[in-house]
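Undergrad: What follows is the residue order along each chain.
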Amino acid sequence: GAGVSQTPSNKVTEKGKYVELRCDPISGHTALYWYRQSLGQGPEFLIYFQGTGAADDSGLPNDRFFAVRPEGSVSTLKIQRTERGDSAVYLCASSWSGSADTQYFGPGTRLTVL
Amino acid sequence: AQSVTQPDIHITVSEGASLELRCNYSYGATPYLFWYVQSPGQGLQLLLKYFSGDTLVQGIKGFEAEFKRSQSSFNLRKPSVHWSDAAEYFCAVGPQNKFYFGSGTKLNVKP
Numbered sequence: 037g038a039g040v041s042q043t044p045s046n047k048v049t050e051k052g053k054y055v056e057l058r059c060d061p062i063s064g065h066t067a068l069y070w071y072r073q074s075l076g077q078g079p080e081f082l083i084y085f086q087g088t089g090a091a092d093d094s095g096l097p098n099d100r101f102f103a104v105r106p107e108g109s110v111s112t113l114k115i116q117r118t119e120r121g122d123s124a125v126y127l128c129a130s131s132w133s134g135s136a137d138t139q140y141f142g143p144g145t146r147l148t149v150l
Numbered sequence: 014a015q016s017v018t019q020p021d022i023h024i025t026v027s028e029g030a031s032l033e034l035r036c037n038y039s040y041g042a043t044p045y046l047f048w049y050v051q052s053p054g055q056g057l058q059l060l061l062k063y064f065s066g067d068t069l070v071q072g073i074k075g076f077e078a079e080f081k082r083s084q085s086s087f088n089l090r091k092p093s094v095h096w097s098d099a100a101e102y103f104c105a106v107g108p109q110n111k112f113y114f115g116s117g118t119k120l121n122v123k124p
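Those protein sequence lines, which keep their order, are chains L and V. Going by this note's numbering, the first sequence opens with residue 37, and the numbers climb by one from there. Going by this note's numbering, the second sequence opens with residue 14, and the numbers climb by one from there.
Be a bit skeptical, because a hint or two may be false.
Partial list, computed: chain L residues near chain V (C-beta under 7 angstroms) [stated by the list, open to error]:
#, residue
1, G64
2, F81
3, F141
4, G142
Quick list of in silico lysine-lysine cross-link-like pairs, DSS-like style, CA-CA up to 27 angstroms [to be verified]:
#, chain 1, residue 1, chain 2, residue 2
5, L, K114, L, K53
6, L, K114, V, K111
7, V, K62, V, K74
8, V, K119, L, K47
9, V, K111, V, K74
10, V, K62, V, K111
Covered stretches of chain L, going by a simulated chain V footprint (3 or more residues, C-beta under 8 angstroms) [said to hold, decoys possible]:
#, region
11, 82 to 94
12, 108 to 114
If you're looking for bench data, these hints aren't it; they were derived computationally from the structure. For every residue, glycine included, the Cβ atom is placed at its ideal position computed from N, Cα and C.
Next comes chain L alone, as it looks inside the complex (with noise of 0.2 angstroms):
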């Protein structure tokens, strides 16, 4: 079956501009959770949602982050006036229902800011 899926695969835009970055859970998976990894990092959470509601958004780093999941299935991170230091990859994860249920993570956007 389709695993996570996210969409570009690569970014590359200039500072002070905004982007989106599109991931397609696993069908079913309530559960959905971006994370970003830095470079020689492990990943660090930033968001959960549990169906279209954000349960816990207390890894966002700053207002310039934020994402929807308007219909509990595909999710947006967007990312406004970009800096340089946002430069990673961004990994998306789902699960069945949270609870620790099994996060299934896909490849990742690679986002950098020039």
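Dock chain V against chain L, hints included.
TA: Showing chain V alone in chain L's frame:
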């Protein structure tokens, strides 16, 4: 505060040799513990997880890990490494919906 420490940044082992990757965690309650593997260009793949019960957990690809509460450790082991095991390995600890990952251990396998 929750945290995960993987003290070995790089490890090199010979093919066929045994492997142990270390993971220490700091967590205020009984943790959920995970090991993931990440190969170049691939997503993170779950190797094994511990929630409760038997402290020795078996995973995929011949890996196992042992939860030692007294040492706050969850070390990953494999008795005989294959060249295809070369990858980066991440330990993670979580409450229910928020995983904290270590910084990873890169495994090289010598022929």
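Undergrad: Determine for every hint whether it applies to the structure shown.
TA: Going through the hints against the structure:
no.: 1; hint: G64; result: violated, 17 angstroms
no.: 2; hint: F81; result: holds, 5 angstroms
no.: 3; hint: F141; result: holds, 4 angstroms
no.: 4; hint: G142; result: holds, 5 angstroms
no.: 5; hint: L/K114 x L/K53; result: holds, 11 angstroms
no.: 6; hint: L/K114 x V/K111; result: holds, 20 angstroms
no.: 7; hint: V/K62 x V/K74; result: holds, 14 angstroms
no.: 8; hint: V/K119 x L/K47; result: holds, 26 angstroms
no.: 9; hint: V/K111 x V/K74; result: holds, 26 angstroms
no.: 10; hint: V/K62 x V/K111; result: holds, 15 angstroms
no.: 11; hint: 82 to 94; result: holds (count 5)
no.: 12; hint: 108 to 114; result: violated (count 0)
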